[in-house]
Amino acid sequence: MASPNITIEKEDHWMNRINELTSLSHFSRDEIQRLYKRFKKLDKDGNGSIDKEEFMAIPQIAANPLAGRLMAIFDTDKGGSIDFQEFITGLSVFSVKGEKHEKWRFAFKVYDMDQDGFISNGELFLVLKMMVGNNLTDLQLQQVANPKHLNRLSIKQL
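In this text, residue positions in the sequence shown follow full-length UniProt numbering: the first is 1, and each later residue adds one.
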């Protein structure tokens with residue numbers, strides 16, 4: 001039988017963790033608790049993180065041509081999986097309470113594949129290719145991705 005003190009310590013740790021996550025996100029305590037239940041269901045192997053295979057198994061993600069980019073953006077520590085904090089902070093951007101500049105920054109990260117703070121013509125081409133597949137030729141995509149007056153775009157230029 002577990003000691004009552006251990007149970008209280010775990011509960012205190014969880015409450016502190018929820019408080020920390022509310023300060024890092026736009027979610028309430030109740031929303032974080034609901035998201036934790038969802039996270040546990042997505043974490044099929046129960047190791048405390050969502051790996052690429054588990055992430056790609058989410059129906060709403062699997063159908064998205066930018067799924068790999070989304071995984072890379074959510075995985076802020078570049079560990080190859082998404083822990084609960086990364087899950088919360090990643091989803092927070094999409095919250096109705098999320099601020100417009102956060103949404104713009106997230107969209108920018110989708111295109112800034114090398115994370116150098118700029119979207120190059122090549123990066124724009126690659127992301128557009130992911131989105132349209134073979135519906136446009138490479139030449140047509142290059143015309144969209146390579147406007148004559150712009151070689152790269154920074155977040156400030158948006």
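Be aware that a few hints might be false.
As the list claims (entries may be wrong) - Straight-line C-alpha distance at most 25 Å; calculated DMTMM-like pairs for lysine to aspartate or glutamate:
{"hint": "1", "residue 1": "K100", "residue 2": "E123"}
{"hint": "2", "residue 1": "K40", "residue 2": "D51"}
{"hint": "3", "residue 1": "K40", "residue 2": "D12"}
Derived by calculation from the structure, the hints in this document are not laboratory data.
Quick rundown of the hints versus the structure:
1. K100 <-> E123: holds, 23 Å
2. K40 <-> D51: Status holds; Cα separation ~12 Å.
3. K40 <-> D12: holds, 20 Å
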